[in-house]
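Engineer: Now for the letters of each chain:
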Amino acid sequence: MTQGLVAIGASAGGVQALSHILPDLPADYPLPVVVVVHIPPRKDNALVALFDRKCRMRVKEAEDKEPLTSGTVYFAPPDYHLLVEAEGALALSTEEPVNHSRPAIDVLFESAADAYGAALTGIVLTGANNDGAAGLQAICAAGGTAIVQNPDEAEVAAMPVAAADACRGALVMTLDEIAAHLAKTVTQ
Amino acid sequence: MSEPVEEIEIQLLLDALYRHYHYDFRHYARASIKRRLLQAQKQLGFDSISALQSAVLHDETMLPNLLNYLTVQVSEMFRDPSYFRALREKVIPHLRTYPSLKVWVAGCSHGEELYSLAILFREEGLAEKTIFYATDINPAALKAAKAGVYSLDRVRLFTENYQQSGGQCSLSEYYTADYGRAVFDQSLRARTVFSDHSLVTDAAFGEMHLISCRNVLIYFDRELQDRVVGLFAESLARRGFLGIGSKESLRFSAQADRFSEFVREERIYRRKSR
Ligand SMILES: C[S@@+](CC[C@H](N)C(=O)[O-])C[C@H]1O[C@@H](n2cnc3c(N)ncnc32)[C@H](O)[C@@H]1O
Chain E
68 MTQGLVAIGA
78 SAGGVQALSH
88 ILPDLPADYP
98 LPVVVVVHIP
108 PRKDNALVAL
118 FDRKCRMRVK
128 EAEDKEPLTS
138 GTVYFAPPDY
148 HLLVEAEGAL
158 ALSTEEPVNH
168 SRPAIDVLFE
178 SAADAYGAAL
188 TGIVLTGANN
198 DGAAGLQAIC
208 AAGGTAIVQN
218 PDEAEVAAMP
228 VAAADACRGA
238 LVMTLDEIAA
248 HLAKTVTQ
Chain U
336 MSEPVEEIEI
346 QLLLDALYRH
356 YHYDFRHYAR
366 ASIKRRLLQA
376 QKQLGFDSIS
386 ALQSAVLHDE
396 TMLPNLLNYL
406 TVQVSEMFRD
416 PSYFRALREK
426 VIPHLRTYPS
436 LKVWVAGCSH
446 GEELYSLAIL
456 FREEGLAEKT
466 IFYATDINPA
476 ALKAAKAGVY
486 SLDRVRLFTE
496 NYQQSGGQCS
506 LSEYYTADYG
516 RAVFDQSLRA
526 RTVFSDHSLV
536 TDAAFGEMHL
546 ISCRNVLIYF
556 DRELQDRVVG
566 LFAESLARRG
576 FLGIGSKESL
586 RFSAQADRFS
596 EFVREERIYR
606 RKSR
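Read top to bottom, the protein sequences are chains E and U.
Residue numbers for the first sequence follow my numbering, so the first one is 68 and each next one is one higher.
Residue numbers for the second sequence follow my numbering, so the first one is 336 and each next one is one higher.
These are computed hints drawn from the structure, not numbers from a lab.
Quick caveat, the model's predicted, so the values are computed rather than measured.
Check the hints yourself; a few may be wrong.
[Claimed, not checked] Taking lysine to any residue and the SDA-like style, the derived pairs with C-alpha atoms no more than 20 Å apart in a straight line are:
#1 U:Lys478 / U:Asn400
#2 E:Lys251 / E:Lys127
#3 U:Lys369 / E:Lys127
#4 U:Lys481 / U:Arg526
#5 U:Lys369 / E:Ala208
#6 E:Lys127 / U:Lys377
#7 U:Lys377 / U:Met397
#8 U:Lys369 / E:Asp91
#9 U:Lys464 / U:Gln499
#10 U:Lys377 / E:Pro164
#11 E:Lys127 / U:Glu600
#12 U:Lys369 / E:His87
#13 U:Lys377 / E:Glu162
#14 E:Lys127 / U:Ser581
#15 U:Lys377 / E:Val165
#16 U:Lys369 / E:Lys121
#17 U:Lys369 / E:Pro164
#18 E:Lys127 / U:Glu542
#19 E:Lys121 / E:Val165
#20 U:Lys369 / E:Glu154
#21 U:Lys369 / E:Ala94
#22 U:Lys478 / U:Ser533
#23 U:Lys425 / U:Arg457
#24 U:Lys377 / E:His87
#25 E:Lys127 / U:Phe587
#26 U:Lys369 / E:Asn166
#27 U:Lys369 / E:Ala153
#28 U:Lys369 / E:Val165
#29 U:Lys425 / U:Val409
#30 E:Lys127 / U:Asn400
#31 U:Lys607 / U:Asp592
#32 E:Lys127 / U:Arg586
#33 U:Lys464 / U:Glu542
#34 U:Lys377 / E:Asn166
#35 E:Lys121 / E:His87
#36 U:Lys369 / U:Glu341
#37 U:Lys478 / U:Tyr358
#38 U:Lys377 / E:Glu154
Model the full assembly from the supplied sequences, consistent with the hints where possible.
Structural biologist: Following this line, the structure appears as structure tokens:
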């Protein structure tokens with residue numbers, strides 16, 4: 068099991084926000100990064116190709132029961148929930164949508180909080196709904212680090228606002244600050 | 336730190352279900368099982384998983400309720416149309432050469448996958464020489480599968496899928512619409528054997544030519560996936576076909592070398608002859 072995990076949730080405006088954060092991380096980033104972006108169910112996963120071009124880390128679509136490895140960004144496949152298992156592996160599920168979404172950020176965050184506890188960093192970015200709020204609360208409760216994008220700069224503020232309301236201990240950061248915070252992990 | 340109480344309760348409940356009812360969820364992927372048990376606890380009105388456990392042990396009418404949470408019944412007809420297109424275009428030509436055929440739909444849910452295959456086999460002229468085995472552990476799902484009745488608003492999606500899968504007619508030729516429901520033609524399942532069979536605790540079936548088991552393996556942990564993939568290898572005729580879900584793969588399985596990839600992108604495998 069890796070020593071920690073970064074989990075990110077994004078919705079409307081998410082691709083741009085992620086483009087601010089992910090490309091700067093070095094190829095040998097010491098943690099895995101797992102990402103849920105709300106995308107229409109019947110689309111091919113264009114996100115993987117897009118970010119593979121932009122990023123120095125390895126980028127791939129999450130596979131069922133795949134062990135998490137550092138230096139890798141995993142995107143949830145369209146139309147599947149993505150979960151983290153206690154032994155540090157990924158799992159997929161076709162359970163009903165949560166918050167009208169599959170994949171749902173809450174499903175990822177809640178399972179990741181169980182698996183990684185204090186070693187988890189959860190980040191809620193721009194979006195037009197409240198997915199991720201309950202999940203971020205679970206991350207806080209498990210002693211993890213909770214971060215929300217500063218709603219003032221988010222393309223759509225609803226999602227980070229809902230997450231910050233649900234999770235009072237969350238750190239509010241701009242995208243630049245989030246990128247710097249993640250980069251710090253490298254030197255620690 | 337000691338183990339969280341909730342995790343202990345979940346393990347105890349799964350042990351109890353196995354010992355009392357012989358339903359074995361102990362090696363299901365735990366994160367998803369936990370979600371669904373917590374959902375069941377909340378929606379059925381219990382204060383704790385232990386209270387839920389006590390209720391289901393002492394009152395067997397609770398069991399079907401709980402099974403509906405523990406098993407995921409999300410399905411579609413012709414789900415992932417390209418899978419059914421690959422069966423039609425690449426697998427059927429091989430199946431055509433056999434005098435009689437056995438097809439196993441494992442984890443058939445409410446029958447969506449079974450009727451999809453039955454329609455495909457009829458259109459390819461193989462229905463008369465094929466026996467279908469449709470199995471599941473959820474009795475309510477099996478009952479629904481036998482009935483073959485779906486709400487019409489779902490059928491819109493089924494129709495779209497059917498067309499994309501290379502369907503040769505109009506899906507409406509296979510059902511009659513009735514008060515907002517589509518009742519599928521009973522002759523489609525005339526040569527189907529439905530049975531209560533668990534991939535976890537029951538034995539292999541004999542000499543199948545095609546096993547379609549989609550979106551069931553993802554609910555199992557790796558160890559159980561290995562067992563079940565081994566069961567499929569034993570249940571297949573030599574050079575028989577195995578189709579799994581589009582986001583499932585044999586890549587992480589210890590049994591992978593018993594199969595070769597047949598249509599890689601569609602997760603269709605073929606049992607090796609040796
Ligand atoms: C998500 S559904 C898949 C339905 C269909 N195969 C599809 O892909 O659309 C999973 C099904 O597997 C069944 N199942 C779960 N555990 C099983 C077991 N041990 N043996 C057989 N079926 C099982 C569930 O009851 C459910 O009907």
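Engineer: Now tell me, hint by hint, if it's right for this structure.
Structural biologist: These are the hints, each one checked on the structure:
1. U:Lys478 / U:Asn400: holds (15 Å)
2. E:Lys251 / E:Lys127: Measuring from Cα to Cα gives roughly 24 Å; hence the hint is violated.
3. U:Lys369 / E:Lys127: violated (27 Å)
4. U:Lys481 / U:Arg526: Roughly 12 Å between the alpha carbons, so the hint for lysine 481 (chain U) and arginine 526 (chain U) holds.
5. U:Lys369 / E:Ala208: holds (17 Å)
6. E:Lys127 / U:Lys377: violated (36 Å)
7. U:Lys377 / U:Met397: holds (14 Å)
8. U:Lys369 / E:Asp91: This hinted pair is violated, its Cα atoms lying about 36 Å apart.
9. U:Lys464 / U:Gln499: Distance ~26 Å between lysine 464 (chain U) and glutamine 499 (chain U) Cα, so the pair is violated.
10. U:Lys377 / E:Pro164: Since the Cα atoms of lysine 377 (chain U) and proline 164 (chain E) sit roughly 18 Å apart, the hinted pair holds (cutoff 20 Å).
11. E:Lys127 / U:Glu600: At roughly 16 Å apart (the allowed maximum being 20 Å), glutamate 600 (chain U) and lysine 127 (chain E) satisfy the hint.
12. U:Lys369 / E:His87: This hinted pair is violated, its Cα atoms lying about 35 Å apart.
13. U:Lys377 / E:Glu162: Judged against 20 Å, a Cα distance of about 17 Å means the pair holds.
14. E:Lys127 / U:Ser581: Answer holds: lysine 127 (chain E) to serine 581 (chain U) is near 16 Å, not above 20 Å.
15. U:Lys377 / E:Val165: With Cα atoms ~16 Å apart, lysine 377 (chain U) and valine 165 (chain E) stay inside 20 Å; holds.
16. U:Lys369 / E:Lys121: violated (36 Å)
17. U:Lys369 / E:Pro164: holds (16 Å)
18. E:Lys127 / U:Glu542: It is violated: about 37 Å lies between the C-alpha atoms, which goes past 20 Å.
19. E:Lys121 / E:Val165: violated (30 Å)
20. U:Lys369 / E:Glu154: holds (15 Å)
21. U:Lys369 / E:Ala94: violated (34 Å)
22. U:Lys478 / U:Ser533: holds (16 Å)
23. U:Lys425 / U:Arg457: holds (16 Å)
24. U:Lys377 / E:His87: Violated, at roughly 40 Å.
25. E:Lys127 / U:Phe587: Holds. Lysine 127 (chain E) to phenylalanine 587 (chain U) sits at ~16 Å (cutoff 20 Å).
26. U:Lys369 / E:Asn166: holds (18 Å)
27. U:Lys369 / E:Ala153: holds (11 Å)
28. U:Lys369 / E:Val165: holds (15 Å)
29. U:Lys425 / U:Val409: violated (27 Å)
30. E:Lys127 / U:Asn400: Given pair lysine 127 (chain E), asparagine 400 (chain U) is violated - Cα atoms ~38 Å apart, limit 20 Å.
31. U:Lys607 / U:Asp592: holds (8 Å)
32. E:Lys127 / U:Arg586: holds (15 Å)
33. U:Lys464 / U:Glu542: holds (15 Å)
34. U:Lys377 / E:Asn166: With a Cα-Cα distance of about 17 Å, the restraint between lysine 377 (chain U) and asparagine 166 (chain E) holds, given a limit of 20 Å.
35. E:Lys121 / E:His87: Measuring from Cα to Cα gives roughly 10 Å; hence the hint holds.
36. U:Lys369 / U:Glu341: Holds: lysine 369 (chain U) and glutamate 341 (chain U) sit about 9 Å apart, inside 20 Å.
37. U:Lys478 / U:Tyr358: holds (18 Å)
38. U:Lys377 / E:Glu154: violated (26 Å)
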